[in-house]
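*Asks:* All chains should be built: construct the whole structure from the sequences, respecting the hints.
Counting from 1, one number per residue, gives the positions in the sequence shown under the UniProt record's numbering.
Do not take every clue at face value.
Claimed, not checked - So the derived label-pair ranges between C-beta atoms look like this:
#1 Phe50 - Arg110: 29 to 39 Å
#2 Glu315 - Arg269: 13 to 23 Å
#3 Ala105 - Val297: 39 to 49 Å
#4 Thr32 - Val70: 45 to 55 Å
#5 Ile268 - His304: 18 to 28 Å
#6 Arg110 - Gly245: 23 to 33 Å
#7 Thr112 - Arg219: 48 to 58 Å
#8 Thr112 - Ile268: 56 to 66 Å
#9 Gly245 - Asn208: 16 to 26 Å
#10 Gln103 - Gly290: 27 to 37 Å
#11 Arg110 - Thr32: 25 to 35 Å
#12 Val81 - Thr112: 16 to 26 Å
These are calculated hints, taken from the structure and not from any lab test. Beta carbons: idealized from backbone N, C-alpha and C, even for Gly.
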Amino acid sequence: MPGSRRGKQKKATAGAGLGVYSAPGQGGFSATELVAVALTALWLGLVVIFYVFTDSETAEEGTRGLDLVVKLLAIFLPVAVIWIGAVAARSARVMRAEATRLQAAIDGMRQTYVAQMQSGGTGAAPSVEQKLDQIAAAQRETEAVLAQFTASHGLQSGSLPAVALAPAPQPPTNSQGQSALELGTPAEALDDPISIRDFIRALNFPENVDDHEGFAALRYALRDRRSAKLVQASQDILTLLSQDGIYMDDLRQEKVPAVIWRRFAEGIRGESIGRLAGVRDRSSLSLSAGRMRQDPVFRDAVHHFIRQFDESFIEFANNASDDDIMAFSDTRTARAFMLLGKVAGTFD
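*Replies:* What follows is the structure, given as structure tokens:
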């Protein structure tokens with residue numbers, strides 16, 4: 001007896017714990033089944049009365065087999081219809097109960113989620129938030145490295161100019177073949193022009209802290225007064241894009257032949273250079289377009305970057321081979337230009 005009492009208590013506790021989420025009871029007959037039983041009994045009674053008080057000897061000898069079939073159909077077909085209706089009604093009732101229970105479960109989950117959000121969350125950051133924090137930390141580390149690099153070379157953030165690969169004009173020489181420099185000639189004018197290889201490497205920016213070749217190329221580009229403008233504009237726009245989680249390494253764009261890039265450098269626009277708008281990342285395009293509309297600082301930075309890129313690439317294309325242009329198009333700066341140029345309508 002104590003064991004059976006404990007069993008009953010466990011069942012009652014389990015049912016009470018689930019509450020509205022527990023499955024409805026399946027025991028006993030419902031009203032639908034009782035009605036079906038009553039109709040079946042009534043019909044069978046009518047059939048018995050009919051055949052008892054009907055003279056069955058009047059049927060001809062040849063129609064007795066057919067008469068038997070008709071009798072069986074008259075007896076069992078209505079009964080089958082009655083119970084098919086009863087089963088269908090029972091199934092509909094069960095489905096309605098399941099739908100109500102499922103809706104209650106969804107409402108309970110929604111209320112629990114809202115309560116957790118209002119109380120400050122569950123205490124453990126979701127995996128998505130953790131990844132975003134890691135990305136932000138990596139971005140801050142990169143910015144710190146770049147800031148340390150520029151500071152160590154005496155360069156201020158607001159005074160970094162942009163790109164020119166054409167050889168610098170040679171200063172005039174006097175009768176003894178010596179260069180005659182005017183007073184006030186900047187020291188940058190005496191430096192050798194940046195090479196195409198270093199220019200391309202600088203526009204891709206260092207891969208990590210140990211990328212000494214990348215930092216060396218970046219240093220050469222920043223010392224060149226015109227190339228530094230594009231480098232600085234590109235660095236600013238890449239930083240702004242990273243705030244929305246847009247990173248050039250994640251973009252996959254269509255490979256554009258060098259001839260199309262040359263058309264762009266020649267000032268051709270429209271369908272003939274349409275492949276430059278080869279970025280297909282809908283999320284990045286949507287985020288960039290939305291920020292262009294809402295953030296005037298971002299919009300000004302985009303237009304400044306596109307203008308600097310346009311000016312620098314025109315000069316670069318005059319001195320670069322097709323292979324150089326293809327390498328240039330795969331840099332982070334060129335990818336940013338293809339993304340933002342499509343958003344800003346530069347290729348239309």
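*Asks:* Now, for every hint given, state plainly whether the structure supports it.
*Replies:* Against the structure, the hints come out as follows:
1. Checked against the given bound of 29 to 39 Å, the beta carbons of phenylalanine 50 and arginine 110, roughly 60 Å apart, lie outside it.
2. With their beta carbons about 19 Å apart, glutamate 315 and arginine 269 fall inside the hinted range of 13 to 23 Å.
3. For alanine 105 and valine 297, the hinted distance range of 39 to 49 Å is satisfied, since their beta carbons lie about 47 Å from each other.
4. The supplied range of 45 to 55 Å is broken by threonine 32 and valine 70, whose beta-carbon atoms lie about 29 Å from each other.
5. The hint said 18 to 28 Å for the Cβ distance between isoleucine 268 and histidine 304, and at roughly 23 Å that hint holds.
6. For arginine 110 and glycine 245, the hinted distance range of 23 to 33 Å is satisfied, since their beta carbons lie about 28 Å from each other.
7. For the pair threonine 112 and arginine 219, the beta carbons lie near 56 Å from each other, so the given range of 48 to 58 Å is met.
8. Taking the beta carbon of each, threonine 112 and isoleucine 268 are about 59 Å apart, inside 56 to 66 Å as hinted.
9. Take glycine 245 and asparagine 208: their Cβ atoms lie about 20 Å apart, and the range 16 to 26 Å holds.
10. A hinted range of 27 to 37 Å holds for the C-beta pair glutamine 103 and glycine 290, which are about 35 Å apart.
11. Range check, arginine 110 to threonine 32: about 34 Å between beta-carbon atoms, so the 25 to 35 Å window is met.
12. In this structure, valine 81 and threonine 112 break the distance hint of 16 to 26 Å, their C-beta atoms being roughly 47 Å apart.
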